[in-house]
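Participant: Following the numbering used here, the numbering of the sequence shown begins with 44 at its first residue and continues without gaps.
Worth flagging that the hints you see were computed from the coordinates, not collected in a lab. A quick note: this is a predicted structure, and the numbers were derived from the prediction, not measured. Hints may contain errors.
Derived Cβ-Cβ restraints for the label pairs, each shown as a range [as the list claims (entries may be wrong)]: (1) 154 with 73: 24 to 30 Å; (2) 95 with 65: 18 to 24 Å; (3) 52 with 126: 44 to 50 Å.
We put the CB at the ideal spot given by N, CA and C, even for glycine.
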Amino acid sequence: VVQAGVFDPGWEGTGNWSFNMAYAASKPGMTAFVSRFRDIRDLEDWIEAGVPIATSVAYDYLKGKPERSGNDGHLVVLVGFDEAGNPVFNDPGRNVVRMTYDRAAFDRAWASSGRAVYVVYPDSWPIPATSGPWPRNGR
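All chains should be built: construct the whole structure from the sequences, respecting the hints.
Facilitator: Here it is, written out as structure tokens:
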């Protein structure tokens, strides 16, 4: 069912994130949006509210490499922070899915996308009270 809902005939695949977000937002009781957060503090607010956030990163930078090689765009889902403030992710590009990356490396990698995020949560979920580049009251 999901595959049919997110299939992009122009791309001939299911990896089109705008289609995936539109599909998530089409479900009753769900809110989904794409935005550009200001900095890691915005992410911390959403994690504190209990909402994982998909972030768009330059994968080479995330892994600590000094330069990018080709098209290294990648999505990782932020699920928390460790005691030192380093971000903890579910990373589909690794054999071990749960990964902790260096905070500065993540910030550099995320900045390369303009700090793009993909957010999906139930309409009834309490979202951060702080003002940020996200819709209020579920829409």
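Participant: CB of residue 95 to CB of residue 65, is that within 18 to 24 Å?
Facilitator: This hint holds: roughly 19 Å between Cβ atoms.
Participant: Holds or violated: the 44 to 50 Å window for the beta-carbon distance between residue 52 and residue 126?
Facilitator: 47 Å, holds
Participant: Kindly confirm whether 24 to 30 Å is satisfied by the beta carbon distance between residue 154 and residue 73.
Facilitator: 29 Å, holds
Hint compliance for this structure: no hint is broken.
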